[in-house]
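Novice: As a plain string of letters, each chain reads:
There are 2 protein chains.
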Amino acid sequence: MTDQAKLDAMLDALDQGRDAALNRLCDLLRIPSISTDPAHKADVRRAAEWLRDELAGLGFQASIRDTPGHPMVVATSQPGGARSILFYGHYDVQPVDPLHLWDHPPFDPQIADGQIRARGASDDKGQLMTFIEAARAWKQVHGALPPGLTLLFEGEEESGSPSLVPFLRDNADELRASIALICDTGLYADGRPAIATQLRGLVGQEVVIRAADRDLHSGSFGGLAANPLMILCRALAALKDDSGRITLPGFYDGVRDLTDQQRADWDSLNFDAPEFLSRVGLSQPIGEQGRTGLEMIWSQPTAEINGLSGGYTGEGFKTVLPAEARAKVSFRLVGDQNPQTIRQAFQDHIRRFVPADCTVEFHDHGASPASHMDTSDPAFDTARAALTQEWGRDTAFIGMGGSIPIAGDFKTILDMDSMLIGFARDDDRIHSPNEKYDLDSFHKGARSWARILAGLTLPG
Amino acid sequence: MTDQAKLDAMLDALDQGRDAALNRLCDLLRIPSISTDPAHKADVRRAAEWLRDELAGLGFQASIRDTPGHPMVVATSQPGGARSILFYGHYDVQPVDPLHLWDHPPFDPQIADGQIRARGASDDKGQLMTFIEAARAWKQVHGALPPGLTLLFEGEEESGSPSLVPFLRDNADELRASIALICDTGLYADGRPAIATQLRGLVGQEVVIRAADRDLHSGSFGGLAANPLMILCRALAALKDDSGRITLPGFYDGVRDLTDQQRADWDSLNFDAPEFLSRVGLSQPIGEQGRTGLEMIWSQPTAEINGLSGGYTGEGFKTVLPAEARAKVSFRLVGDQNPQTIRQAFQDHIRRFVPADCTVEFHDHGASPASHMDTSDPAFDTARAALTQEWGRDTAFIGMGGSIPIAGDFKTILDMDSMLIGFARDDDRIHSPNEKYDLDSFHKGARSWARILAGLTLPG
Chain U
2 MTDQAKLDAM
12 LDALDQGRDA
22 ALNRLCDLLR
32 IPSISTDPAH
42 KADVRRAAEW
52 LRDELAGLGF
62 QASIRDTPGH
72 PMVVATSQPG
82 GARSILFYGH
92 YDVQPVDPLH
102 LWDHPPFDPQ
112 IADGQIRARG
122 ASDDKGQLMT
132 FIEAARAWKQ
142 VHGALPPGLT
152 LLFEGEEESG
162 SPSLVPFLRD
172 NADELRASIA
182 LICDTGLYAD
192 GRPAIATQLR
202 GLVGQEVVIR
212 AADRDLHSGS
222 FGGLAANPLM
232 ILCRALAALK
242 DDSGRITLPG
252 FYDGVRDLTD
262 QQRADWDSLN
272 FDAPEFLSRV
282 GLSQPIGEQG
292 RTGLEMIWSQ
302 PTAEINGLSG
312 GYTGEGFKTV
322 LPAEARAKVS
332 FRLVGDQNPQ
342 TIRQAFQDHI
352 RRFVPADCTV
362 EFHDHGASPA
372 SHMDTSDPAF
382 DTARAALTQE
392 WGRDTAFIGM
402 GGSIPIAGDF
412 KTILDMDSML
422 IGFARDDDRI
432 HSPNEKYDLD
442 SFHKGARSWA
452 RILAGLTLPG
Chain Y
2 MTDQAKLDAM
12 LDALDQGRDA
22 ALNRLCDLLR
32 IPSISTDPAH
42 KADVRRAAEW
52 LRDELAGLGF
62 QASIRDTPGH
72 PMVVATSQPG
82 GARSILFYGH
92 YDVQPVDPLH
102 LWDHPPFDPQ
112 IADGQIRARG
122 ASDDKGQLMT
132 FIEAARAWKQ
142 VHGALPPGLT
152 LLFEGEEESG
162 SPSLVPFLRD
172 NADELRASIA
182 LICDTGLYAD
192 GRPAIATQLR
202 GLVGQEVVIR
212 AADRDLHSGS
222 FGGLAANPLM
232 ILCRALAALK
242 DDSGRITLPG
252 FYDGVRDLTD
262 QQRADWDSLN
272 FDAPEFLSRV
282 GLSQPIGEQG
292 RTGLEMIWSQ
302 PTAEINGLSG
312 GYTGEGFKTV
322 LPAEARAKVS
332 FRLVGDQNPQ
342 TIRQAFQDHI
352 RRFVPADCTV
362 EFHDHGASPA
372 SHMDTSDPAF
382 DTARAALTQE
392 WGRDTAFIGM
402 GGSIPIAGDF
412 KTILDMDSML
422 IGFARDDDRI
432 HSPNEKYDLD
442 SFHKGARSWA
452 RILAGLTLPG
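Protein chains in written order, with my numbering: chain U, 2 to 461; chain Y, 2 to 461.
It should be emphasised that the hints constitute simulated quantities derived from the structure, not laboratory data.
One should not assume that every hint holds.
The list treats identical chains as interchangeable, and a pair is accepted whether it falls inside one copy or across any two copies.
[To be verified] Computed cross-link-like contacts, BS3-like style, restricted to lysine-lysine with a CA-CA straight-line distance of at most 30 Å:
#1 LYS42 / LYS319
#2 LYS319 / LYS7
#3 LYS412 / LYS319
#4 LYS140 / LYS7
#5 LYS241 / LYS445
#6 LYS140 / LYS42
#7 LYS140 / LYS445
#8 LYS445 / LYS7
#9 LYS241 / LYS140
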């Protein structure tokens with residue numbers, strides 16, 4: 002059998018096995034693996050065990066790996082193949098409150114109208130099962146698992162992943178691969194297949210400015226004594242000039258221009274910024290003039306005030322000069338912007354506004370650089386072609402405005418690029434009542450992985 | 002007997018009657034007239050009754066005047082005299098918590114080390130009794146009360162004076178006089194006698210800027226969607242230029258230069274701004290360059306942020322673009338600055354920063370112009386001379402940075418200037434545990450009023 006014939010056979014097997022695959026997904030969805038709720042600790046473990054058993058049944062070397070929190074599931078196939086692959090998904094789910102807003106019990110999956118409805122259907126059990134089903138079809142056709150494959154399933158993604166980084170560190174040699182596949186994202190807004198190739202980084206910083214040693218009466222002291230709220234406002238306002246450009250010296254060092262390919266890809270998405278903003282009651286893009294909406298959220302860095310407080314904020318009025326003012330400020334980073342350099346530039350900026358008789362204190366909250374995948378790795382074109390073929394629509398390399406910590410961790414700890422490929426849709430109501438996954442996402446997702454695996458693991 | 006001989010006789014009577022006067026003050030101090038605490042409602046009334054009885058005993062037409070809150074006490078002497086006078090004080094007191102910080106029960110007055118210690122000793126029972134003692138001495142020497150005198154004692158000053166304005170309105174004809182004497186302030190910092198002749202006004206304004214219809218994820222929307230905290234910071238920061246001058250168009254219209262007399266008076270006070278600031282842990286005056294410290298707090302207007310809140314302000318960090326941001330902003334006004342004009346200029350200023358897809362909402366909180374007394378009224382020189390004679394130190398016409406609402410109300414409702422004269426000292430611990438009043442303040446205060454009454458009520 003040619004490689005193409007084998008692929009066709011796999012796709013055929015997936016088509017034939019649709020109902021059985023759906024039944025397996027329903028089994029997993031019935032386990033209420035809510036990781037943030039201690040009452041469900043045993044359920045989370047049960048989901049891990051279910052996965053281990055499922056994978057062992059397919060021929061993986063599969064094991065449950067305990068952590069201080071919920072366990073990891075790790076499964077490996079036989080060595081070999083053109084490149085080694087680490088696949089990541091998570092088997093824990095979000096809480097289900099408010100329960101009365103669900104149309105059915107959240108852990109009793111309902112199949113109707115081309116959808117499967119349950120907590121975790123889309124995030125992330127349905128997605129991770131697309132990959133397992135592809136592996137199953139591979140085994141069926143090849144008589145063996147896809148070679149060089151490691152699967153890592155986490156049980157704490159919805160509760161902050163406290164055990165993930167130590168686990169990656171402790172098991173780096175085992176987990177490191179040529180490339181990582183992360184299946185926890187979606188199709189592009191209009192349903193086009195997409196591979197996220199760049200994610201913005203983040204620096205978070207809390208600032209506390211203190212002036213007098215107590216709150217002062219604005220009659221007795223106003224006009225003479227420093228007001229830390231005014232100092233803070235002036236300092237934060239000066240972070241941007243009138244055109245919206247961030248003023249920190251050297252801030253834009255490392256920001257990259259889009260490649261022609263990216264620009265073409267992004268333009269082809271026909272992103273309509275006013276329409277996108279209209280979904281949240283807004284209409285006007287605020288980024289630098291001349292930038293497209295997608296550049297503003299994907300490839301341009303930001304400076305944002307995420308929280309600010311000081312003085313009297315209750316009902317009515319109090320003519321107080323507050324003793325202190327606090328702000329939480331974050332920067333979304335792109336390209337090679339260095340989080341530590343930017344943190345330092347920000348602190349220097351703030352200090353310039355703080356008079357000699359006031360003090361400023363900083364608290365660091367997170368610092369991660371942007372992730373830019375090396376799309377010159379042929380794996381990206383392989384995956385793009387596979388997705389395009391499966392979905393019958395051009396696949397786009399897209400950006401993401403937020404950070405996906407796992408991708409950064411894979412890069413930092415395992416020195417491995419990731420392809421973020423997923424089949425969720427914007428209307429899947431993840432984290433909300435009546436979460437669903439389209440049956441099409443599930444089925445074509447599995448077929449997509451079959452194609453991608455064929456492209457990645459077979460030589461040539 | 003000449004007028005001077007009569008005055009000497011009054012002063013002599015006050016000297017002879019020191020102990021009896023102190024006993025009377027102790028009687029009043031023993032009544033726990035805490036106006037803000039409903040549990041002390043009857044005590045507040047008892048204090049009013051005590052005053053009414055005391056004043057009736059002196060020959061005043063004295064009555065308790067009920068209000069929706071605590072009662073007023075109004076007492077009038079016979080008509081006549083060179084000018085009519087309204088004297089104001091308040092007989093209610095602050096709460097006493099935390100009780101364990103008191104060295105003695107707060108309503109059991111202690112006399113020691115030249116001080117009388119009790120809640121209300123300085124604020125304001127001791128002060129109002131200085132005037133009653135002066136009236137008593139007058140009666141003793143003249144055989145009749147000082148002519149043309151009305152006394153108004155309030156029982157709600159420490160709880161926001163809710164009944165005062167309606168009471169003034171309803172009884173305007175009865176209360177209107179040539180001049181008001183308000184005894185609820187202190188000597189100047191170094192113990193010099195002082196008459197406050199100007200008070201800053203106030204405009205308070207709450208601002209709410211709303212952007213998206215929900216909190217947004219700063220990864221998905223940051224750089225594209227408006228951040229109301231950033232808008233608010235930029236708008237508020239732009240209220241002042243780098244020299245500290247307020248930028249609202251027309252803001253300084255009506256700000257007056259100091260008169261030569263004022264400048265001489267204020268310079269003579271040797272106000273040491275860094276020393277004053279050092280008491281609250283600061284050192285650097287922030288006002289416009291070239292202004293003295295007293296100008297900054299007395300005769301220059303201000304723009305202050307009294308409170309600001311928006312976004313996530315709890316522990317840790319949340320990368321949110323908040324849906325709204327709120328600030329409470331106030332302006333201290335001087336001269337003829339118009340509160341409504343400034344409120345409007347402020348609103349116009351803020352609106353210029355709010356993009357078309359965001360909204361701004363304003364809530365008004367108070368608007369009172371500055372009070373500048375007409376010191377060309379000879380009453381001021383009369384009082385100044387009387388105080389200088391009593392205290393053996395030059396009396397200063399001073400300003401006050403805060404508003405004293407009663408002075409504004411007398412002006413607005415009764416078209417009457419006030420002389421704010423008091424004998425409290427900076428270390429009297431008003432509103433705090435172990436409040437005290439110097440026996441010297443009490444005694445020389447009474448003697449001061451005898452001199453002032455002689456100067457004001459006698460023709461020529």
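Novice: Hint by hint, note whether the structure agrees.
Specialist: Here's how the hints hold up against the structure:
no., hint, in the structure
1, LYS42 / LYS319, "between (48 Å within a copy, 26 Å between copies)"
2, LYS319 / LYS7, "neither (76 Å within a copy, 48 Å between copies)"
3, LYS412 / LYS319, "between (51 Å within a copy, 24 Å between copies)"
4, LYS140 / LYS7, "within (11 Å within a copy, 119 Å between copies)"
5, LYS241 / LYS445, "neither (45 Å within a copy, 60 Å between copies)"
6, LYS140 / LYS42, "neither (33 Å within a copy, 87 Å between copies)"
7, LYS140 / LYS445, "within (18 Å within a copy, 104 Å between copies)"
8, LYS445 / LYS7, "within (17 Å within a copy, 109 Å between copies)"
9, LYS241 / LYS140, "neither (56 Å within a copy, 72 Å between copies)"
Checked against the numbered hints given earlier, the structure breaks hints 2, 5, 6, 9 and satisfies all the rest.
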